[in-house]
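What follows is each chain in one-letter form.
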Amino acid sequence: MSDPSYSAPAFSSRGETEISAEHCDRLVGEALSRGGDYADLFFEHSHSGSFTHEDGRVKNVGRGVSLGMGARVVDGEATGYAYTQDLDAAPMREAAHTAATIAAGGGATEAVAVSEVACPSYYPVQTPTLLAPDADRLALIRRADAAARAYDPAVTKVQVSLGEGLRHVMMATSDGRLVTDSQPLFRFFVRVVAEKDGKRQTGSSGGGGRQGLAYFDGERPEIIGREAARIALAMMDAREAPAGEMTVVLGPGDSGILLHEAVGHGLEADFNRKGTSNYSGRVGEPVASALCTVVDDATQPGARGSVNTDDEGLDGRRTVLIEEGILKGYMHDRLSARLMGTDPTGNGRREDFTVTPYPRMTNTFLLAGQRDPEEIIRSVDRGIYACRFSGGQVNISNGDFVFSLTESYLIDHGKITTPLRGVNLIGNGPDVLTRVSMVGTDFAAADGIWTCGKEGQSVPVGVGTPTIKLDGITVGGTQA
Amino acid sequence: MSDSTDQMMETAEAVVARAVDLGAHTAEALVVTRRELTAKIRLSKPELVQQASSRALGLRVIRDQCTAVCHTADLAPAALEDFAAQAVAAARLSEPDPDAGPPDPGSLAGPGERPDLDIYDPAMSEVDADRALALAVAGEQAARDHDPRITNSEGATCSVGAGQRILVTSGGFAGSYRGTYASVVVEPVADDADGKKRNGQWWDGRRHLAHLASPEDIGAEAARRTVEQLGARKVDTCEVPVIFSPEAGSQVISTLFGVISGGAAYRRSTYLVERENTAIASPLVTVVDDPLLPGGPGSRPFDGEGLASRKNVVVDRGTFTGFLCDTYAGRRLGRPSTRSAGRGISGPPGVTSSNFYLLGGDVTPQALVADTDRALYVTRLMGFGFNPVTGDFSKGAEGFWIEKGNRAYPVSEVTISANLDDLLQSVDAVANDLDHRSSTASPTFRVSNMTVAGT
Chain U
-9 MSDPSYSAPA
1 FSSRGETEIS
11 AEHCDRLVGE
21 ALSRGGDYAD
31 LFFEHSHSGS
41 FTHEDGRVKN
51 VGRGVSLGMG
61 ARVVDGEATG
71 YAYTQDLDAA
81 PMREAAHTAA
91 TIAAGGGATE
101 AVAVSEVACP
111 SYYPVQTPTL
121 LAPDADRLAL
131 IRRADAAARA
141 YDPAVTKVQV
151 SLGEGLRHVM
161 MATSDGRLVT
171 DSQPLFRFFV
181 RVVAEKDGKR
191 QTGSSGGGGR
201 QGLAYFDGER
211 PEIIGREAAR
221 IALAMMDARE
231 APAGEMTVVL
241 GPGDSGILLH
251 EAVGHGLEAD
261 FNRKGTSNYS
271 GRVGEPVASA
281 LCTVVDDATQ
291 PGARGSVNTD
301 DEGLDGRRTV
311 LIEEGILKGY
321 MHDRLSARLM
331 GTDPTGNGRR
341 EDFTVTPYPR
351 MTNTFLLAGQ
361 RDPEEIIRSV
371 DRGIYACRFS
381 GGQVNISNGD
391 FVFSLTESYL
401 IDHGKITTPL
411 RGVNLIGNGP
421 DVLTRVSMVG
431 TDFAAADGIW
441 TCGKEGQSVP
451 VGVGTPTIKL
461 DGITVGGTQA
Chain P
3 MSDSTDQMME
13 TAEAVVARAV
23 DLGAHTAEAL
33 VVTRRELTAK
43 IRLSKPELVQ
53 QASSRALGLR
63 VIRDQCTAVC
73 HTADLAPAAL
83 EDFAAQAVAA
93 ARLSEPDPDA
103 GPPDPGSLAG
113 PGERPDLDIY
123 DPAMSEVDAD
133 RALALAVAGE
143 QAARDHDPRI
153 TNSEGATCSV
163 GAGQRILVTS
173 GGFAGSYRGT
183 YASVVVEPVA
193 DDADGKKRNG
203 QWWDGRRHLA
213 HLASPEDIGA
223 EAARRTVEQL
233 GARKVDTCEV
243 PVIFSPEAGS
253 QVISTLFGVI
263 SGGAAYRRST
273 YLVERENTAI
283 ASPLVTVVDD
293 PLLPGGPGSR
303 PFDGEGLASR
313 KNVVVDRGTF
323 TGFLCDTYAG
333 RRLGRPSTRS
343 AGRGISGPPG
353 VTSSNFYLLG
363 GDVTPQALVA
373 DTDRALYVTR
383 LMGFGFNPVT
393 GDFSKGAEGF
403 WIEKGNRAYP
413 VSEVTISANL
423 DDLLQSVDAV
433 ANDLDHRSST
443 ASPTFRVSNM
453 TVAGT
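Chains U and P are the protein sequences, given in the same order.
Residue numbering for the first sequence follows the numbering used here, starting at -9 and increasing by one per position.
Residue numbering for the second sequence follows the numbering used here, starting at 3 and increasing by one per position.
So that you can see chain P by itself, here it is in the shape it has in the complex (with noise of 0.2 Å):
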């Protein structure tokens, strides 16, 4: 089988012109290959190489504004006119949405407004099933060697992948993009009393083999944030400032994303309802959705229904500036596309993020740190503790406890919780260590209060 762009933009032309022709008023296809490369190892031996490649295709038809969006990975002519007439079928089973429908094709991304983000790299298909293996070797040997308190280990994964997207609707656009990733991941395991493990794991992924940190660096890094909660504890319940490392302050900036969307605004179901254009945070906080970030993550040249990508400042010093939305969502609240449409093969577009982070401030964080009396740090968050339309937090959190400015002793087993409204409000430091390596992400930031609860 071939994924080579052309070829499969004739295919998505000819789904999306063979809907038309079945009495589709909108088609959409949407085609997505992918070709991977995972090396997993455990001390030092191969315990997984898998290598495959793969395709499908995703189809949006709308007839009399009712929708169905099927999805297949037969992709021979035969099998295609079936799927498109069964595609057809199927969205008589739904019923009129007068909001349903695709951008005004005006609005479409031109052929100027393609810009090249910088996220494939030709050099990643070089890299083979041995050149893996020896990435993840060498991360785990090096998390071994930095610490003898290394006991054991939950390997180390490196994965290669390349893949491609088109899309090609009936309003116009045709448009591809292309990209590569590889990641290396490295899981030390360390013996803590009491028969307790400590497991840490330290990760770099890049858009370019070159810009990867080497599986040495990864491998220490790992190791030392592994041995680092030795001897972890409870804290007694209390009220204190938490300072969020970039790893559990992205959770809190993802979570945020949640109640942001344009589509959790028209069904009601986020706390920030009504709260456009007023202050839900510090002015220290500015979020950021640039899907034109060179090399980023979560770049995209358009956006899931072809409008060119732009970038958006959702919250401008504390100030909400308002939903992202789709071009549905935007019908919905009586506003345009803020061009955030995501869109898998499975599903219609919805609001999704591109790269979505807090912006870094102007403190290290060694000073932020440093200049806090008495704090709990959170490395790690865990669970699912957040009601979007209360705006509820409450989870479980592991980390350090911060004693005059310095790391007192490593605390697990407790939860942090506060209202996310006055958790945003709160914020009183951002550092400026802000990285791109996921595509939600966070510098270390402070909250002046919360409530820890331990024994």
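Looking at chain U on its own, in the form it has when it is part of the complex (with noise of 0.2 Å):
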């Protein structure tokens, strides 16, 4: 399927709906007719495919096309937005003046002609999965679907999904920059079931990133197939998990959630600005164990959460948030770091036109330290080994945060035992990082799965972390 958009967004100079830089220009003015601190517009040409293996066959083919600009007034703390689907002038008129309604009048900021600002770049992608050759992909999905049917005859059902996107972004701010960034992404994903002996169990394994179909060279697709089975078998005999407050040792890479969700999102600047977060007011003491260091980091090739720009045009960085322990600084975006006075950190991102920016995170890395991750493990006398999660959740306000393991083990005089059953495990943001004990040299990123949810809205974020040792943290097992 060859659409000629996939390369030239509508809005481009070869688009079939050229917004030129004087258009934008007029727009701005329009959006800050009535007043106001900051006006931006976002266009936005999204193309978005999918296929879905189960069952031995390519059961459903998906490709879907979005197309809008958004239109932006700040006066203040206030937000006018409005957005349109309709590129033509007079609509995208209409956008500027219902978004302009928000201020108050008077004293209107003077726009300053935009003019081209290049980002860098980030995504190491010659040629989008979107736009490879269809047969290529299938081909990397039926591997996947061979390598987990191959691992055990235990393996029942297997279902394997590729989600693809291609993201093309113009934005015109007040403050002069028009920046326009093409976002490549892909999610491959493997779910198992397996069955034995009248027992039953799921795994699931997936990986991707902002990357070309490089990214599955040698047996990648074989290695996501065999890794969801494995933990459908592993997990088949699981026990039940204990329940209270224990030694928790978590290993490289996916267990990055447990820092975006307890101190990540506590440390986003909307939250610290209006004073509703644990870590508000506290730069610069120390919040976690002085063997941490975090970094939220939209600079890493090929991340999920790597941007060359943020959704405000802004070049995508990286920021260290806690550098051995004592606290450094939030993420911002163009608001909260206005009203804070300070820079924006490149942190503003949203889902889509339909939807005004937030403080979000890119990448959020705990970076490594200095202990062998085996004497970690060695030095648990009971405790609990995990390495692979659903999902993690936040209140921001009281700190509290969980996350669901998938696949964990029992430490038992240092050694890594027995396989338990899924289980939740609470903790709070700013005493938990207090508890990290030891750091392993072993640091690894997530492979690309993960998405945030904030605000209603879904963004594709990168997390990392080497194996780390918590010292008490409660686990939500049924073993009280």
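Source of the hints: derived by calculation from the structure; they are not laboratory data.
All values derive from a computational prediction rather than experimental measurement.
Where hints are given, some of them may not hold.
What the hints assert, rightly or not - Result set (SDA-like, lysine to any residue): computed pairs, CA atoms no more than 25 Å apart in a straight line: (1) P:Lys236 with P:Tyr273; (2) U:Lys186 with P:Arg319; (3) P:Lys47 with U:Gly331; (4) U:Lys444 with P:Trp205; (5) U:Lys186 with P:Leu335; (6) P:Lys406 with P:Pro243; (7) P:Lys198 with U:Glu314; (8) P:Lys198 with P:Ala222; (9) P:Lys47 with U:Gly271; (10) U:Lys405 with U:Asp461; (11) U:Lys189 with P:Asp424; (12) P:Lys198 with U:Gly265; (13) U:Lys444 with P:Gly207; (14) P:Lys47 with U:Gly446; (15) U:Lys186 with U:Arg47; (16) U:Lys189 with U:Arg229; (17) U:Lys189 with U:Ile406; (18) U:Lys186 with U:Ile213; (19) P:Lys198 with U:Gly319; (20) U:Lys444 with P:Arg382; (21) U:Lys405 with U:Glu365; (22) P:Lys236 with U:Gln290; (23) U:Lys189 with P:Arg270; (24) U:Lys444 with P:Arg36; (25) U:Lys444 with P:Asp193; (26) P:Lys313 with P:Thr323; (27) U:Lys189 with P:Arg94; (28) U:Lys444 with P:Arg439; (29) U:Lys444 with U:Gln290; (30) P:Lys47 with U:Gly265; (31) P:Lys313 with P:Gly165; (32) P:Lys47 with P:Val229; (33) U:Lys189 with P:Gly320; (34) U:Lys189 with P:Val275; (35) P:Lys236 with U:Glu230; (36) U:Lys444 with P:Ser185; (37) U:Lys444 with U:Gly155.
Hey, can you piece these two chains together into the complex? The hints should help.
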């Protein structure tokens, strides 16, 4: 299927409804016609695709396209927003006017004429997967399916999906930036059900990011398919997990969900600006053990959460949040940065043109420490080793966060032993990182499967961590 | 752009006809339109006013049992011609599935089977940004006035929306319905010891503006729920009865939906495989999916495949009557659809709930609590801790400790765990406070024993 707009978004110079810099200036001017501190336009032309493979066949093929423009006016703490799916002059002007009604009138900011600003490039992609030959992608799916089935005769159901996107954005801002980016993304996922001796269990595995098909070089499809099957088999004989506070060792990679929930959301500046986060007003104070350095890094090549530009026309970058236990700063969008009198950090993100940006994480990492991972496990007399998760959630105000384990084991006298049934861990954000007593050398970024929800908006994110040891967190098993 | 029903119906009919001309054996178009107004305030000042309308079209084509689903927002006739051609081409990439296909034309909802479900309120379009802002301000102000311990606010939001769905299929179905919805949410914040904040939230949402609770009542309730969490603490790990508030209970009922859907059954990813017509819950448990509930948030006159909606009793006094199915899941399981197909623009039909709820019992929630010697009363659940294949259920929780029928103190940072099978079998009291403001709903109910993990 060849749609020319895959490579030339509607609003570009080669597109069907080219939007010139002068047109942007006029619209930004209209947006600020009743006053306001800042205005911007967000153009988006997105393509999506999916393959679903189940019961040994390609069951469904999905394709979609969306196009639209949102106009935003910010006046003090107030935002006016309107969008249109129609890039003709009249509806865009109407959107700018509707957004403008938020402003109180008078004292207009003078918009700076936009000029193109080049952004950095963090997507090592020659050809977005969506534009690669269909047969090549279908072959990858079939290989993963075959590998999962071949892993063990107990594997009875295999579902493989490939979701792909190519999102073209253009932002014109009242401070004179005209920024464009083309953001490729894919997510490859395998889910397995295995049945043996009257027992049933499920396992899943996946990966992806802002990469091309080179991601699948070597045996990547087989590795992902086998991993899903391995987890289902490994957890088949899982025993009931203990309940209560105990030592937990988190494996490298996906365990970064802990950071995302325990500290990440609490360090998004909107909550801190409003004084509703547990971390409000605590910059410069210790909020974690001195072993912990946490960064939000939009610049990791090919990572799922990386962005060349955020959704407010500012470059993606690396921001140190916590350095050796000391809180260094928050993640900002333009609004929070202006209201808090600091610089934005390129964390203004949004799901699409129908919604406004908020401070959001990109790739959130806990950096490597000094300990041998084996040594960390050996140091635990009785505890839990957790390595796979189904997700997490946090209450920003009181800091309580949970994350749910799908693969975990009992540690007995320094050895990983019995597999445990899925349990939930619960902790308190500002407290839990003070309990990090060992940090491994084996940092790994999770493979690209995670999506973060906030304000009803989903954005792709990355997480990563080395092996870490937590002295005391509540484990929600059933064995009291 | 116009979003008139007639025009959208013509658009849908044209794209279906085009796809059939191009060789599709089945073509089904869904048009979804939406108009929205969101007004968010904080500390009495506007934070966000958003107004817009949008529409999009999804098309499923099946050719030689091969399926593709495509969606677009460009409804210009020329663009839709290309779009239909692309959809038919995309179907060539999938592989034949003998069970894929539309319902039997004879089973489609006839013109006389499209009941008015009282889900559209013309008064909703009269709400403008100023009125929505005023409702939000009144809600937040009521919260701040209610208790001096409310020291901060995450704000209040008033949302008003209207939408319509138009479904046209090559099998002979053409139907549409529209609905409205308005909600007010208030989220106060209080300061607790050790620099902790406590947030609470209360909301109401209704199909009719006149049915919406007053912002003053919503705000006062939000404040009450926020300050009552002050001083919350962990409890010792123990096994006790657990009482689920309607808010927490609806999450348990939502979890149940995932394991009674026909999609989970043919994927064998539910612990209820081979449990039909057996007791899967206590006799106090009756669970219903009712798309015909007048004014219900999940009401629909016909399902996502054009079948006339009907009420399904999924669990009847503890007995699992059968998986909810769309046409595909039904074929995979060798049975008719239960008319439970949902459909969005970006994917094939799938089993979805409409108004899915645990039927209320006889006792008042107050009497239920008073009758409980010692328990955890859960107001909020957190997390994704559920394995549908095994039924293992483990979630973060907050609420109150109950001692001799009274609230003793607030509790947070604990987890509750049980297998969902055991949880449902152990329901020993169901209260009479069912409210349908959310499409998945529950009254207060009690489970005789769960593990509470704390210190």
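Now for the hints, and whether the structure bears them out:
1. P:Lys236 with P:Tyr273: Given that 25 Å is the threshold and the Cα spacing comes to 32 Å, the pair is violated.
2. U:Lys186 with P:Arg319: This hinted pair is violated, its Cα atoms lying about 32 Å apart.
3. P:Lys47 with U:Gly331: With a Cα-Cα distance of about 20 Å, the restraint between lysine 47 of chain P and glycine 331 of chain U holds, given a limit of 25 Å.
4. U:Lys444 with P:Trp205: 18 Å, holds
5. U:Lys186 with P:Leu335: 22 Å, holds
6. P:Lys406 with P:Pro243: 12 Å, holds
7. P:Lys198 with U:Glu314: Cα-Cα ~23 Å, so holds.
8. P:Lys198 with P:Ala222: Roughly 22 Å between the alpha carbons, so the hint for lysine 198 of chain P and alanine 222 of chain P holds.
9. P:Lys47 with U:Gly271: This hinted pair holds, its Cα atoms lying about 22 Å apart.
10. U:Lys405 with U:Asp461: With Cα atoms ~17 Å apart, lysine 405 of chain U and aspartate 461 of chain U stay inside 25 Å; holds.
11. U:Lys189 with P:Asp424: 17 Å, holds
12. P:Lys198 with U:Gly265: Between lysine 198 of chain P and glycine 265 of chain U the Cα gap is close to 11 Å, so the pair holds against 25 Å.
13. U:Lys444 with P:Gly207: With a Cα-Cα distance of about 20 Å, the restraint between lysine 444 of chain U and glycine 207 of chain P holds, given a limit of 25 Å.
14. P:Lys47 with U:Gly446: 22 Å, holds
15. U:Lys186 with U:Arg47: 24 Å, holds
16. U:Lys189 with U:Arg229: With a Cα-Cα distance of about 13 Å, the restraint between lysine 189 of chain U and arginine 229 of chain U holds, given a limit of 25 Å.
17. U:Lys189 with U:Ile406: 23 Å, holds
18. U:Lys186 with U:Ile213: Since the Cα atoms of lysine 186 of chain U and isoleucine 213 of chain U sit roughly 22 Å apart, the hinted pair holds (cutoff 25 Å).
19. P:Lys198 with U:Gly319: The hint holds at about 19 Å.
20. U:Lys444 with P:Arg382: 18 Å, holds
21. U:Lys405 with U:Glu365: Satisfied, since the Cα-Cα distance of roughly 10 Å is no more than 25 Å.
22. P:Lys236 with U:Gln290: 39 Å, violated
23. U:Lys189 with P:Arg270: 12 Å, holds
24. U:Lys444 with P:Arg36: 22 Å, holds
25. U:Lys444 with P:Asp193: 23 Å, holds
26. P:Lys313 with P:Thr323: Since the Cα atoms of lysine 313 of chain P and threonine 323 of chain P sit roughly 13 Å apart, the hinted pair holds (cutoff 25 Å).
27. U:Lys189 with P:Arg94: 38 Å, violated
28. U:Lys444 with P:Arg439: The given pair, whose Cα atoms are some 22 Å apart, holds under the 25 Å limit.
29. U:Lys444 with U:Gln290: OK: lysine 444 of chain U and glutamine 290 of chain U at ~23 Å, within 25 Å.
30. P:Lys47 with U:Gly265: 16 Å, holds
31. P:Lys313 with P:Gly165: 23 Å, holds
32. P:Lys47 with P:Val229: Roughly 23 Å separates the two Cα atoms, so the pair holds.
33. U:Lys189 with P:Gly320: The hint holds at about 24 Å.
34. U:Lys189 with P:Val275: 12 Å, holds
35. P:Lys236 with U:Glu230: 22 Å, holds
36. U:Lys444 with P:Ser185: 19 Å, holds
37. U:Lys444 with U:Gly155: 21 Å, holds
This entry does not satisfy hints 1, 2, 22 and 27, going by the numbered hints stated previously.
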